[in-house]
Amino acid sequence: MREEWQLVAVYTIIVAALVAEVIVGSSWMTLGQTALIGVLVIATLQAALVFAFFMFGKYGTRSVAIIMLISIGTLLPLFLAFAFSIEFPPHAAAGGH
Amino acid sequence: MAHANNKPNPLIVWLFTTNHKNVGILYLVTSLYFLVVAGILALTFRMQLSAPNMVFLAADSYNQAVTLHGLFMLLWVTTPLAAAFANYVIPIQIGAKDMAFPRLNALSYWLYLASGIVALSSFFAPGGTADWGWTTYAPLNTLQYSPQAGGSLMGLAILLLLSSTIVATSNFMVTIFRLRAPGMKLSYLPLFSIFWLVTQFLLLWAFPAFAAPLLMLVADRVLGTVFFTAAEGGALLWDHLLWFFGHPEVYILVLPGLAIAGDVLAVFSRRQLYAKKVIIIAVSVAAFLSYIVWVHHMFMTGIHPGMREVFNITTELISIPFGVIMLSYILTLFRGRIRATTPFLFALGSVILFIIGGASGVFNSSVALDVGMRGTFWVVGHFHYTIVGGGITGLIAGLYYWWPKMTGRMFSEKLGKLHFAIYMIGFNILYFPMHLLYDMPRRIFFYDATTGWGPINMIITMGSLIFASSFIILFINLINSLRHGPKVGDDPWGGANYSLEWNVPSPPPEFNFPKGVPVITAQGLVFKQPWEIKKGITTTGGQQLFTTTALPTNGGSHVTEHGEEHGPHLSPWPFILSIGAALTMIGLVFGVPLLLQGIVIFIASIVGWAWEDVKEKFHVAIEALGEKWPFDRVENVPLGMWFFLFGEVALFGPLFAAYFFVRANSAFTGFAWPLPGQIHSTVIGAISTIILLTSGLAASLALVAIKNNNQRGLRAGLLAAFILGLAVLVIEGFQWAELFAEGYTFGTDIAASIYYVITGIHGAHLLAGLLIIIYLLAKAYKGGYNAEKHMGVYAFAIYWGFVVGVWLFTFPLFYLI
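Chains as they are written, first to last, in this note's numbering: chain B, 128 to 224; chain V, 304 to 1120.
Some hints could be false.
As the list claims (entries may be wrong) - Distance windows between CB atoms, simulated: (1) Ala-192/B with Leu-489/V: 15 to 21 Å; (2) Gly-973/V with Ile-197/B: 36 to 42 Å; (3) Val-339/V with Ala-175/B: 34 to 40 Å.
Just so you know, these hints were derived from the structure itself, not from any lab. Here a beta-carbon is modelled for each residue, glycine too, at the ideal position from N, C-alpha and C.
Kindly generate the complete structure, drawing on both the sequences and the hints.
If you want it as structure tokens, here you go:
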């Protein structure tokens, strides 16, 4: 398949995923937390496709992909630390914790 | 601009230089100047603390002096001093003629200087400068507690500095990875180059991560957002984001100095570094661990007890790799034929002081001890032993070590040793007694006699005066050396077998290697001509450059000039752009006229820079002739973009983390987060997303077109990407205007604040992308790209993809859930 058509195909998939994302996101009243997780999963998949094709990550060396993953991985402890901080918010006395 | 004999005016050369050695010297002079400024500030507050009931500084002045001392030492002195050496010697150590991107290198320096000037000028703002301590804790950093304009200016100055660092980091990464000489494997490099590379990885993720809370802080102070004033965000948000940067920053400060110490110890003990590969593994492990220890700075914030245990353990773990490094250094000295020169003494001093600082740090990792010692002078003593003792002492070793290389002249060993003696005496009188003040809070400016702290404080202040006086000896020695120092040859220290800089003249010529391209072969170092390398007439691989036996430093080569054509190594645009950036920052605080002037100069300089590029007026042949692992298949320009984007991940990541925190936290604070669709239209958000995705597709198709030498396809793709990108920006602008009209402004609530900051920063990225497209289009219409030469388009496609990728998360977070 020519590269142009491959890009167009990927674009179509991402747009289709966007439609699915909107549908899932709009159903938060019925789906609850599942909608939240679904939307974030779809966004992650879309971003992965953008990285692989629009950013030509798949043509780069493995090193680029590894460092990109490490860059994202360094943020994981921050998210975890924030998550554990929510349970013990010392500044939330006014909020009824 | 030029003399009659066609030689540029020296002033012009220094202002417009892009040569890595000149940039290194500029960094050196500037960072030493800021060291003096920060040192004088330290002396003023040490005078205030010297005795009970002292009245030397007013409370506000004391706070400002402490704040600026801390910020300057951390941000404008230590790392830039290391950057001075890195700029000067790393291209030579790796066997390159210059940095990968010389103009960006100059830009890094000028932005650094501009940021320092903006920071210093904040002193003269009404009400003075920032007074919240270098940690800038919330809510002290808010307008409520620090209303002075100088505080906002300081925040902007730091942002400017961060932008300088991010540019420099990408540049160093590409340089070290892709411009190494043939046969120069990463592990063959001297420790300074290796540790600097590790430091760049730390900078890559730590500094953009610091930019995120700083942007929020500046938004709070200038635009009126409520990140650190509202109960929904507040102190813990700042703490996490600051220390997530703050702890890697410790290693950013220390590693270059420690690396120099290792190199100097090896050279002056005439031995190989003991277990060099183990050192490299250890420093890599330490760098990794540095990202998972930051919460030890927050044991007293009331965080989850489980987190305290985890971070207690990770903090204790990090002492192991540093222990390994120190042990390797000591074993390097074992049975060495030691020459106790000034650089050696400072290197040894660095190791000893760092070990003392490291030992006291082990105490601090314990939650139980931390409860007692947190916020006392014990901590001040500890971190000065590590950062000043380990880091800056090592950098001074580097200053003496490379001074003859940089100037071509030797300094006085007698004065150097006198400097060392007074430095060590002053240092230990200054910082060791601080450990005895483990009951004195570090953030007070006044105490009375009943505390019993007076005598020790007096000793400490005496120590500070002795320590400061040692620097006078340093400066006298260096100035004297410049005037009267004996001239030196290529290798005054006998380090030719250790690293490449001792195989070139002192000071080195413009492109470093007059004998040809250095090649590391099985037989040692040889010099070859570029065409020989291009034809493959070389032997790569082979033994490590550094051996205990002498290598033929010019064997097999003949002395010739490269004979390659270069354009002028000068460009005015980095200098002018930094003026625009500085004026813009000052204008953001002091009013529209300055702001407009700054923006005009900024845009004009970007246009000038781009035009210089389009017309190919700046051409310095920096070829990647040798080792490029692990980035053999990624050219310099796209690789530079990739590194920049890795840093961007560290900017947007903490912003999204902040979103996650403030939103999740709202359940506990009683704040009702807006329901989906309540504030932002899902339909408009989805339309923006589709348009931006289409723009991303157009940019990618443009790249594919030019790879096939399709000029029309390139221009059409870029034009489509531009129009669609502009459409998204316009839609975003209309959305903002509409929300403002409805009274939903920056400071309405925490949800509004995080929305405006994230979409605003994304919008700024869109705007930057549009400007890049204009440049690419101009170059494309001049026929500047073809199937072989299109790396600029490739780099843009990567960038634009990233901008699209960020929006793919922004859209659902604000418009959908």
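Given the range 36 to 42 Å, decide if the beta-carbon distance of Gly-973/V to Ile-197/B lies inside it. Given about 38 Å between the Cβ atoms, the range holds.
Would you say the C-beta atoms of Val-339/V and Ala-175/B sit inside 34 to 40 Å of each other? Once the Cβ atoms are compared, 51 Å apart, the range 34 to 40 Å for Ala-175/B and Val-339/V is violated.
Can you tell me whether the CB distance of Ala-192/B to Leu-489/V sits inside 15 to 21 Å? The hint (15 to 21 Å, Cβ to Cβ) holds, given that Ala-192/B and Leu-489/V are roughly 19 Å apart.
Violation of the numbered hints given earlier is confined to hint 3; every other hint is satisfied by the structure.
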